[in-house]
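Colleague: So the sequence lines, in the order shown, correspond to chains E and F. Going from the first sequence to this note's numbering is simple: count from 1 and add 197. Going from the second sequence to this note's numbering is simple: count from 1 and add 78.
You may find that some hints are simply not true.
[To be verified] In silico DSBU-like pairs for lysine-lysine, Cα to Cα no more than 30 Å straight-line:
#	chain 1	residue 1	chain 2	residue 2
1	F	Lys204	E	Lys370
2	F	Lys262	F	Lys245
3	E	Lys543	E	Lys273
4	E	Lys271	E	Lys500
5	E	Lys398	F	Lys204
6	E	Lys370	E	Lys398
7	F	Lys245	E	Lys423
8	E	Lys423	E	Lys386
9	E	Lys389	E	Lys567
10	F	Lys204	E	Lys574
11	F	Lys204	F	Lys312
12	E	Lys423	E	Lys370
Hints listed in this document are in silico derivations from the structure and should not be mistaken for laboratory results.
Residues per chain, in single letters:
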Amino acid sequence: MNKTIHIAGFFLILASVALGVGSKGSPGVTDNEILIGNIQDLSGPMAYLGGELKHGAELYFRHVNESGGVYGRKIKMITEDHQYNPAMSLAAAKKLLDRDGVFCLFNVIGTATASALFNLVEEQGVPFIAPASNASSMSDPPKKYVFATDTPYDAQGRILCNYLAQRGDKNAKIGIIYQDDDFGKDCMKGVKEGAASHGWKIVGAEPFQRGSAPSFGPHLTSLRNKGATHIFLGLVLETVHVLRMAEAVGYSPQFLGFAPSSDPRIAQKAGTAAEGFISNIYMVPPQHPEHPAAILYRDLLQKYDPEHQMGFYNFYGFAAAQVLVEGLNLAGPDLTREGLVMGMEKMKEFRGSPHPSITYGPGDRAGGSKTIVLQVKDGTPSPVTRFVGE
Amino acid sequence: MTTQIITYGITLGCVYALVALGLVLIYRATEIVNFAQGEMMMMSAYMFFTLYSMEKGLFTAVIGSLLFAVMLGVVMNTIISRPLIGKPIFAQIMATIALSIVLRSLTGVIWTHEDFFMYPPPVSMKPMDVGFLQISPYQIAIVGVSIILVLLLYLFLNLTRFGTAIKATSENPVAAQLMGIPIKRIYIAVWILSSLVSAVAGMLIIPQFGLQPMLGSRLLLMALPAAVLGGFGKLEGAIAGGLILGVLESLATVYLPTSIYDIFPWIILILMLLIRPDGLFGTPVRKRV
Numbered sequence: 198m199n200k201t202i203h204i205a206g207f208f209l210i211l212a213s214v215a216l217g218v219g220s221k222g223s224p225g226v227t228d229n230e231i232l233i234g235n236i237q238d239l240s241g242p243m244a245y246l247g248g249e250l251k252h253g254a255e256l257y258f259r260h261v262n263e264s265g266g267v268y269g270r271k272i273k274m275i276t277e278d279h280q281y282n283p284a285m286s287l288a289a290a291k292k293l294l295d296r297d298g299v300f301c302l303f304n305v306i307g308t309a310t311a312s313a314l315f316n317l318v319e320e321q322g323v324p325f326i327a328p329a330s331n332a333s334s335m336s337d338p339p340k341k342y343v344f345a346t347d348t349p350y351d352a353q354g355r356i357l358c359n360y361l362a363q364r365g366d367k368n369a370k371i372g373i374i375y376q377d378d379d380f381g382k383d384c385m386k387g388v389k390e391g392a393a394s395h396g397w398k399i400v401g402a403e404p405f406q407r408g409s410a411p412s413f414g415p416h417l418t419s420l421r422n423k424g425a426t427h428i429f430l431g432l433v434l435e436t437v438h439v440l441r442m443a444e445a446v447g448y449s450p451q452f453l454g455f456a457p458s459s460d461p462r463i464a465q466k467a468g469t470a471a472e473g474f475i476s477n478i479y480m481v482p483p484q485h486p487e488h489p490a491a492i493l494y495r496d497l498l499q500k501y502d503p504e505h506q507m508g509f510y511n512f513y514g515f516a517a518a519q520v521l522v523e524g525l526n527l528a529g530p531d532l533t534r535e536g537l538v539m540g541m542e543k544m545k546e547f548r549g550s551p552h553p554s555i556t557y558g559p560g561d562r563a564g565g566s567k568t569i570v571l572q573v574k575d576g577t578p579s580p581v582t583r584f585v586g587e
Numbered sequence: 079m080t081t082q083i084i085t086y087g088i089t090l091g092c093v094y095a096l097v098a099l100g101l102v103l104i105y106r107a108t109e110i111v112n113f114a115q116g117e118m119m120m121m122s123a124y125m126f127f128t129l130y131s132m133e134k135g136l137f138t139a140v141i142g143s144l145l146f147a148v149m150l151g152v153v154m155n156t157i158i159s160r161p162l163i164g165k166p167i168f169a170q171i172m173a174t175i176a177l178s179i180v181l182r183s184l185t186g187v188i189w190t191h192e193d194f195f196m197y198p199p200p201v202s203m204k205p206m207d208v209g210f211l212q213i214s215p216y217q218i219a220i221v222g223v224s225i226i227l228v229l230l231l232y233l234f235l236n237l238t239r240f241g242t243a244i245k246a247t248s249e250n251p252v253a254a255q256l257m258g259i260p261i262k263r264i265y266i267a268v269w270i271l272s273s274l275v276s277a278v279a280g281m282l283i284i285p286q287f288g289l290q291p292m293l294g295s296r297l298l299l300m301a302l303p304a305a306v307l308g309g310f311g312k313l314e315g316a317i318a319g320g321l322i323l324g325v326l327e328s329l330a331t332v333y334l335p336t337s338i339y340d341i342f343p344w345i346i347l348i349l350m351l352l353i354r355p356d357g358l359f360g361t362p363v364r365k366r367v
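Sequences and hints are given; from them, build the entire structure.
Modeller: Structure below.
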């Protein structure tokens, strides 16, 4: 008898849980909360950036929550650590979806670590908003549930080459030092296409293995001997090592980098070696005097965490959060995963975030397509163009 | 160009060699493969950096870092070596791997995971023409300090009574104890020596690599094959192995196609294990059935 009651009770609980979830439409969504999953590198080689992204996104969510949330629902973000390791990224995503029951995935950092989740999100029908990578593979080919925000690395390479041509650099001999993974290869692809369109020669491309000892003497010696006049760096943090090494050995070609190396802290760490370093970014910098997103970011930082240093990656997390919240708004009050996908697809020429403007549609999952070119002057990366396309 | 790339390889190899030397010193005496060696190196380097950036002078920073390394050696002996000697090899490996994770996280907690530190080296990195070579004072310093350190270690192990006792303990701990050698003290000494050698390696390399909590495991990844290449357990083997891998890695970056350059050191290692399983300097062990 007792046993029957237990079993009946168990099924009653099971049924009510199932009904409770079912009536709200999607996991992670209740009447007053939306649970979202975030995976960063908090203790690996990119921890330098991961914590900043998380902090920036939380800054904007806090603002949204204190202004009443999205249709009355507060946004709650759970963050896991993947240490820039694709296998750990996949494990973290499964944990977030199966155990925490998050509604969607948001702003997972790194190309390889974000790509590792593509199959999972397509299988389970989970929206994956704003992967923190500029790889062209985020949106090309388009994947139903993955919405990229940034101008891809290959486009950045072509834009930078165009900039060099416009400012009058002739007969450039291009060298490349690139991280030996999807990110670095995407950068290299763009530089090769850009150089070819101006008739410039690639004199050498030296790989750097992600996670190995950052020793760049051989790379620079080789490129110097091949007469490189311009060197593109498809690197993140190690940009600092290359710039400092080049300065130390007295070699001064024009160095250029991609969006990850436009963080003011890269220039700061490299010191005098960074003077003249050219990079580009796919959103306005956090110090922009007029852009509403930049002003809001600075105000909120001042309000909630005045101790925290303003930075590009902090602002990046903030911007990604703005795109997600806009998508949630467009998805309407009856929030489901399919509803968020449809909401994101309704986004046209969205200018509320610091990106050039964000447009999605059926079959269109790329965010921006323009960048601002920056050059380091007196230790700070300063804009030398407005948003330019290819 | 090739000679200059080889020079870079030799300086990198010196650092690999010193970390490998630290590994081998411990392994010879205690038969523990210390996966936390990289982290020990890194923590001493952080200590050096902290003192150096407080502008107490280079000398104070070096001494402070070495003292810290001595302390670290004693702690490691107490929590790792003493309870694990003679235990199954699996337990030893798990314990040192776990310790490496703990030390890395601890470094992150103390000095932050999010930032990394760089400062200009005390000597110039600008290459000068020395004969047919192009070499910088910084590279000369790395090679010079490494040579002096290895010489000192050699003299200590071969010419002092204590050194002989260490060698005897490595050969046969039971017999050594029966002969009245205080092997517990020997073990402490070995951990301290190993920690000191690693600390020097750390101080030499940070001007070039910068300081990050991940630095230790990055270097261990090359020091471990270097030690195996030289025949795990041989000091001269660790040095040769480190130099060979450093030079090959530098050459491979420039001369080998991308697809194989990053596995190149491992190809060499596998070939070595196939041809001479006991390493360059190892003596073949034959077991009688």
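Colleague: All hints are to be evaluated individually against the structure, with a verdict given for each.
Modeller: Hint-by-hint comparison with the structure:
1. Lys204/F / Lys370/E: holds, 24 Å
2. Lys262/F / Lys245/F: holds, 14 Å
3. Lys543/E / Lys273/E: The hint holds at about 24 Å.
4. Lys271/E / Lys500/E: The hint holds at about 19 Å.
5. Lys398/E / Lys204/F: Answer holds: lysine 398/E to lysine 204/F is near 28 Å, not above 30 Å.
6. Lys370/E / Lys398/E: Cα-Cα ~5 Å, so holds.
7. Lys245/F / Lys423/E: Status violated; Cα separation ~51 Å.
8. Lys423/E / Lys386/E: Status holds; Cα separation ~20 Å.
9. Lys389/E / Lys567/E: holds, 19 Å
10. Lys204/F / Lys574/E: Distance of about 24 Å is within 30 Å: holds.
11. Lys204/F / Lys312/F: The hint is violated at about 35 Å.
12. Lys423/E / Lys370/E: holds, 9 Å
Hint compliance for this structure: hints 7, 11 are not met, and every other hint is.
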